[in-house]
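Student: Could you build all of it, start to finish, from the sequences and the hints given here?
Protein chains: 2
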Amino acid sequence: MREVRLSDVDDIARGAAILGTGGGGDPYVGKLLAEAAVEKHGPVPVVNIADVPPDAVVVPISSMGAPTVGTEKLPSGREAVTALRALERVMGTRATHLVPIEIGGVNSVIPIAAAAETGLPLVDGDAMGRAFPEAHMVLPTLIGVSCTPMVIVDDKGNTMVLDTVTNQYAERFARAVCTEAGCSVVTADTVLIGKQLRDGLVDGTLSLARKLGRTVRLADEPVASAAALLDGRLLITGKVTDVDRATTGGFARGQARIEGIGAYRGVRMRLSFQNEHLLAERDGEVVTSTPDLICVLDNETGEPVTTEGMRYGNRVAVLGVPCDSRWTTPEGLRLTGPRAFGYDHDYVPITGGTK
Amino acid sequence: MREVRLSDVDDIARGAAILGTGGGGDPYVGKLLAEAAVEKHGPVPVVNIADVPPDAVVVPISSMGAPTVGTEKLPSGREAVTALRALERVMGTRATHLVPIEIGGVNSVIPIAAAAETGLPLVDGDAMGRAFPEAHMVLPTLIGVSCTPMVIVDDKGNTMVLDTVTNQYAERFARAVCTEAGCSVVTADTVLIGKQLRDGLVDGTLSLARKLGRTVRLADEPVASAAALLDGRLLITGKVTDVDRATTGGFARGQARIEGIGAYRGVRMRLSFQNEHLLAERDGEVVTSTPDLICVLDNETGEPVTTEGMRYGNRVAVLGVPCDSRWTTPEGLRLTGPRAFGYDHDYVPITGGTK
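Residue numbers (full-length UniProt numbering), protein chains in the order written: chain A, 1 to 355; chain B, 1 to 355.
Honestly, I wouldn't trust all of these hints.
One copy or two, it doesn't matter: identical chains are merged, so the pair holds either way.
What the hints assert, rightly or not - Taking lysine to any residue and the SDA-like style, the derived pairs with C-alpha atoms no more than 20 Å apart in a straight line are:
id, residue 1, residue 2
1, Lys156, Thr166
2, Lys156, Gln168
3, Lys156, Val145
4, Lys156, Arg78
5, Lys156, Gly144
6, Lys156, Ser146
7, Lys355, Val286
8, Lys239, Gly284
9, Lys239, Ala263
10, Lys355, Asp324
11, Lys355, Thr215
12, Lys355, Pro322
If you are wondering where the hints come from, they were derived from the structure by calculation, not from laboratory data.
Tutor: Below, the structure is given as structure tokens:
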């Protein structure tokens with residue numbers, strides 16, 4: 001992938017929303033901003049990790065907040081560039097590349113818009129290989145890279161710079177500020193230099209998102225094609241019978257219940273989420289857990305179903321998709337395994353399901 | 001007053017705790033820090049507002065939080081200098097003077113410790129002429145001076161820099177961060193240049209605090225002497241019969257009830273506070289309200305009684321003391337009158353009581 005063209009944005013947003021496991025925010029508004037920016041400024045150059053110079057200054061730009069709020073409280077479009085410029089002032093150096101912090105929903109397209117507006121190239125990767133709800137849940141934490149300085153910008157023009165002693169504190173303070181700002185802010189943080197990208201990013205996820213989004217749009221059997229592309233397992237197809245959702249502590253938290261249809265008649269699934277889907281239990285047994293991906297798709301169209309968009313009656317397919325292998329190391333699981341989210345359960349590899 | 005000597009710190013802390021109207025935090029730990037710093041580095045030079053050069057860079061250093069927490073969660077002593085240095089980096093210039101943001105409790109002595117440690121002189125004044133619970137409730141807000149850049153430092157070494165579009169936003173975000181940090185942080189903010197001091201500060205309040213503290217310590221009738229010095233009115237002497245206090249939203253909020261003794265037998269008073277005492281009602285009628293000062297003293301010793309230290313059975317005298325006249329202008333009342341704290345009451349000048 002050499003560049004993001006106007007026609008790519010929609011596919012990237014769709015694919016990233018699937019990889020975002022229900023979180024990362026509804027990409028719709030972000031997609032419009034990115035499309036407008038690419039239309040105005042032209043295609044965004046994309047660089048492979050292997051081609052980024054070792055001294056490059058690579059800045060992730062993302063939004064933080066509860067997706068339930070993001071659908072109603074719209075970004076102004078200026079925040080990303082404001083955050084980037086403020087971070088550059090704090091660092092005393094200019095960014096050379098931008099990159100998504102996660103390949104999920106709105107956070108896959110915000111960097112496209114920012115790259116188009118600033119003329120900076122985008123690195124083909126992200127810091128999670130999926131979406132996670134908390135700022136410190138990134139591969140850079142595993143290699144000792146600080147999330148701070150972190151710049152936070154809200155829609156009113158308020159700006160905050162955090163400098164914390166751990167990445168967990170960065171998450172805590174950023175979340176407090178985000179909540180006070182109405183659960184929706186844009187951040188620039190977790191700066192990587194070029195030689196850290198191999199260990200600090202998952203390679204090629206922007207390309208993967210585009211390919212996935214295109215596959216779902218064009219395939220005759222979108223769900224099966226998506227599963228094949230992602231090496232995922234189909235855990236159930238069914239009907240959403242209940243969604244219990246609350247926006248608390250700056251997150252959209254809750255559970256959804258699914259009753260199987262077709263070959264899955266009589267099977268019940270419970271999904272637990274905190275912005276992202278984190279646990280999938282089938283008939284009371286955990287069959288996929290964070291950090292592996294739990295992707296919920298519309299059973300007909302393969303379109304991603306977000307945790308905030310899930311409704312009673314949705315016909316969905318749930319895929320279990322293996323995460324980047326660095327997440328299932330002991331250090332990775334300490335940061336993003338089920339217990340990191342308060343679930344009293346160890347990580348279990350994807351169990352059962354069909355290829 | 002030319003300097004703060006070791007022997008002055010205790011009097012300043014006592015006097016400021018009285019002027020702090022029950023808030024500003026228990027000065028005990030701050031006093032020990034200030035005494036240790038003055039003992040180590042020598043007396044702190046004090047400069048009158050009239051003698052500060054017009055281009056001076058005057059930095060208020062203070063703590064923020066709930067006094068109920070401040071009595072248990074102790075500052076490390078490093079936070080003030082850390083905050084000052086971080087603010088200087090953001091401003092791109094060095095501070096020439098320090099000043100208390102409020103003349104209340106711990107915030108009157110933290111700047112003494114910081115001045116001793118940095119060798120900077122202290123300006124004889126403060127930005128309120130009392131204590132108020134919220135960061136934007138300062139005279140600089142009335143003259144259009146921004147509270148930001150505001151540096152916030154916690155006891156773990158986490159640092160945050162706020163840059164907000166209004167001073168109210170600075171308060172909101174700082175309070176959110178403060179609450180997340182455990183309700184106790186140190187801030188450097190609301191920088192004034194020398195020529196703004198006349199309008200942005202209340203003149204001579206450090207000297208006043210020392211004089212008041214000394215008067216209470218030495219006088220035969222401490223309460224009457226304090227009242228005379230402050231041009232205050234005695235509203236009641238009585239016994240605390242009930243204190244209803246909760247630490248919510250980063251503040252110590254509540255009410256206290258007092259039953260009159262001696263000449264005030266049969267009279268009842270209710271005090272409402274949010275860190276500071278804000279409303280005094282005598283037999284159901286408001287007799288003193290913010291921004292005027294409601295000072296609660298031990299009826300025997302004249303020692304200040306803080307809102308977090310007030311207990312059932314305390315014998316107290318309550319004084320109503322006129323505030324700086326800039327607070328009773330329409331703009332001043334909008335910022336610090338009873339309605340600014342959610343009380344459904346207009347400002348009433350001090351009513352009744354005895355000189």
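Student: Now look at each hint and say whether the structure bears it out.
Tutor: Cross-check of the supplied hints:
In this assembly of identical chains, Lys156 and Thr166 lie within 20 Å of each other by CA distance solely across copies; the values are 10 Å between and 28 Å within a copy. Proximity of Lys156 and Gln168 under a CA criterion of 20 Å is satisfied inter-copy only: 12 Å between copies versus 26 Å inside one chain copy. In this assembly of identical chains, Lys156 and Val145 lie within 20 Å of each other by CA distance solely across copies; the values are 19 Å between and 30 Å within a copy. Only within a single protomer do Lys156 and Arg78 lie at most 20 Å apart by alpha-carbon distance; the minimum there is 10 Å, versus 33 Å between protomers.
Proximity of Lys156 and Gly144 under a CA criterion of 20 Å is satisfied inter-copy only: 19 Å between copies versus 33 Å inside one chain copy. Taking the closest pair of Cα atoms, Lys156 and Ser146 come within 20 Å of each other only across two copies (16 Å); inside a single copy the shortest separation is 27 Å, beyond that limit. Taking identical chains as interchangeable, the C-alpha atoms of Lys355 and Val286 lie at most 20 Å apart only when both belong to the same chain, with a minimum of 18 Å there against 75 Å between chains. Taking CA atoms no more than 20 Å apart as the test, Lys239 paired with Gly284 passes inside one copy only; the shortest distance there is 17 Å, against 61 Å between copies.
Taking the shortest alpha-carbon separations for Lys239 and Ala263, only the intra-copy value of 13 Å comes in at or below 20 Å, while the best inter-copy value is 76 Å. Taking CA atoms no more than 20 Å apart as the test, Lys355 paired with Asp324 passes inside one copy only; the shortest distance there is 19 Å, against 76 Å between copies. For the homomeric pair Lys355 and Thr215, the shortest alpha-carbon distance inside one copy (17 Å) is at most 20 Å, but the shortest distance between copies (85 Å) is not. In this homomeric assembly, Lys355 and Pro322 come within 20 Å of each other (Cα to Cα) only inside a single copy, at 12 Å, whereas the closest approach across copies is 79 Å.
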